[in-house]
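Asks: Listed below, chain by chain, are the residues.
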Amino acid sequence: MSLAPLLRKIFFVDLLKGMRVTFKYQNPKEICTEQYPLERPVIAERYRGLHRLNSDPDTGNTLCIACDLCALACPEKLIAVASVRDEVTKKKKMTTWSVDLSRCMFCGLCEDACPTDALEMSQDYEFALYSRDGFVLNREQLEKGSEPTVYQR
Amino acid sequence: MLDQLTSFTNQPLTPGAAGNYVWATIYILLIVAGVSLIIMFMNWAERKALAHMQIRLGPMRVGPHGLLQPIADAVKLLTKEDIIPDGADKLVFWLAPCLIVVTAWTTLIVLPFGPKHAVTDMNIGILFMLGVASLSVLGIVMAGWASNSNYPLLGSLRSSAQMISYEVAMGLAIVSAILMTSLNAGGVGTLSMIGIVQAQAEQGTWFIFKLFPLGLIAFGVFAIAMVAETNRAPFDLPEAESELVAGFHTEYSGFRWSLFMLAEYSAMIAVSGIAVTLWLGGWMRPFASIKGPNIWLGGLWHGPAVDFVSSLLPALSFFFLAIVALIGGIKMPDIKPLQVQRIGLIAFAGALGTIGLVLLIPPIRDAVQPIFWFMLKVGIFMYLYIWYRATFPRYRFDQLMKVGWKVLLPVSLGVLIVTAVVGVLVK
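Just so you know, the sequences run in chain order Z and S.
The letter at position 116 of the first sequence is residue 116 when you use the working numbering, and the numbering goes up by one with no holes.
The letter at position 150 of the second sequence is residue 150 when you use the working numbering, and the numbering goes up by one with no holes.
Hints listed in this document are in silico derivations from the structure and should not be mistaken for laboratory results.
Misleading hints may appear alongside valid ones.
Derived DEER-like restraints, expressed as beta-carbon distance ranges [to be verified]: (1) 364/S / 130/Z: 55 to 61 Å; (2) 78/S / 34/Z: 56 to 62 Å; (3) 15/Z / 21/S: 45 to 51 Å; (4) 48/Z / 344/S: 40 to 46 Å; (5) 86/S / 9/Z: 48 to 54 Å; (6) 34/Z / 367/S: 45 to 51 Å.
Chain Z is faced by these chain S residues, among others (derived, beta-carbon under 10 Å) [to be verified]: (7) 53; (8) 55; (9) 160; (10) 164; (11) 385.
Where is the CB? At the ideal position from N, CA and C, for every residue including glycine.
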């Protein structure tokens with residue numbers, strides 16, 4: 001063994017270097033743990049979370065034109081859209097809209113297919129359930145969005 | 001009876017050496033209670049410091065900054081089901097944790113917290129300590145054998161090999177420190193723990209700086225061997241989580257398991273106490289021989305200036321802790337659920353500040369001085385243990401044996417011989 005590595009070994013230089021690193025990390029500013037229910041993470045705009053059906057902010061009517069494109073785009077055939085023809089305006093009117101989240105992979109193809117921005121993947125991520133029954137979401141739930149329980153203690 | 005009680009406080013002896021059994025019992029109770037309390041707090045401090053070194057938060061939920069976590073842990077451990085495996089040897093399984101705790105606590109009786117603060121002062125103090133401390137390996141082997149399971153057996157085998165091989169280097173390092181006690185006019189050394197510190201006071205230097213660098217090397221060997229002795233990272237092979245589940249205490253649960261933890265931490269305190277007593281001047285403050293000019297501050301103080309500053313340090317350190325707790329309480333986020341915790345933390349700061357004020361009362365201030373310095377030095381060793389654990393990866397078993405037999409043993413033997421030769425030459 002040559003001299004320099006031997007001296008480095010005798011004086012524990014590598015060990016001291018390691019100890020310096022761990023000592024520095026003790027600074028409370030370095031901590032990146034987030035106390036989740038108390039403080040919430042900032043979710044990126046492009047995150048694909050729970051589906052949301054948008055309404056026209058002025059009139060309050062849904063933006064969905066019941067074109068069925070989202071249902072056709074879905075690779076797993078999870079979306080079901082029902083509609084009736086309005087007698088007066090002769091336009092299709094969406095009556096029910098449901099998505100089965102239990103098999104949804106959040107690929108976002110339905111969102112891309114929507115021509116009116118009525119369907120959007122929101123940034124909500126808290127929709128864990130205790131039973132499988134609640135995984136098929138209907139129109140009311142999707143228009144309202146998820147309501148996470150507020151953490152008290 | 002009353003005379004006997006009060007007369008002891010004027011004697012310069014430890015209660016055991018003075019034959020005062022009442023005070024000896026009081027000291028034993030104080031040490032057992034104090035060490036248990038320190039271990040409970042140490043548990044919190046270790047989790048917290050380890051977490052911060054790994055950029056985590058550590059316990060935060062039970063009490064402000066997890067301060068009440070040790071209590072929650074204790075309640076959980078004591079109420080847990082106490083399982084004895086079917087194929088276990090019941091008697092030995094029961095005996096092993098008891099033996100380990102008894103040995104770990106027995107070593108503490110000769111540990112001097114001050115010039116007269118030890119249960120007893122034996123003339124073979126350090127030998128007694130080493131002898132009893134090495135009995136703990138028996139408890140570990142018993143635990144591993146009695147569990148009738150693979151991992152505990154492997155863990156205890158490793159442990160016995162490790163502790164026996166590191167004891168040799170440790171003992172030789174200790175002998176070289178004991179040799180240094182005889183470097184006085186009379187040429188007579190001592191094995192008594194209190195005598196060793198007094199020898200350092202007489203020679204005017206801590207043994208870590210004596211015959212530089214011999215004392216430092218011996219201390220270094222001991223500092224490595226003591227981590228291996230107490231089965232702590234990076235030498236925690238007997239309880240390596242990733243290889244042996246939990247090593248020798250895999251089959252233990254509840255109260256018995258907590259006895260193992262208690263023994264591990266009190267062994268850490270005892271071994272750090274040996275290191276502090278032998279090399280770092282025990283209860284003496286740093287630069288104990290430097291007194292500074294005499295100053296006179298009214299009725300407050302009449303004597304050396306450095307002594308005055310050092311007598312204020314225990315109170316100041318408590319004030320510092322109180323201010324840290326107060327800042328933590330004030331800076332807590334202003335959310336409703338955290339209000340109770342904020343009040344608790346500020347009350348805790350108040351309690352710490354009150355202790356600091358009590359430590360300013362002159363008789364208490366002087367009495368607490370040696371205990372404070374001893375505890376501070378042991379505390380630094382405890383922090384080092386945590387620091388090692390956060391930094392170093394675990395040794396492989398053959399590397400461990402190689403370091404023990406091929407590096408530490410020759411080094412400590414060499415230091416011993418050189419110390420003996422130089423000691424004779426210096427005189």
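Asks: Hint by hint, say whether it matches the structure.
Replies: Structure-based check of each hint:
{"no.": "1", "hint": "364/S / 130/Z: 55 to 61 Å", "result": "holds (59 Å)"}
{"no.": "2", "hint": "78/S / 34/Z: 56 to 62 Å", "result": "violated (33 Å)"}
{"no.": "3", "hint": "15/Z / 21/S: 45 to 51 Å", "result": "holds (47 Å)"}
{"no.": "4", "hint": "48/Z / 344/S: 40 to 46 Å", "result": "holds (43 Å)"}
{"no.": "5", "hint": "86/S / 9/Z: 48 to 54 Å", "result": "holds (49 Å)"}
{"no.": "6", "hint": "34/Z / 367/S: 45 to 51 Å", "result": "holds (47 Å)"}
{"no.": "7", "hint": "53", "result": "holds (4 Å)"}
{"no.": "8", "hint": "55", "result": "holds (5 Å)"}
{"no.": "9", "hint": "160", "result": "violated (27 Å)"}
{"no.": "10", "hint": "164", "result": "violated (25 Å)"}
{"no.": "11", "hint": "385", "result": "violated (12 Å)"}
Of the numbered hints stated above, those contradicted by the structure are hints 2, 9, 10 and 11, listed in ascending order.
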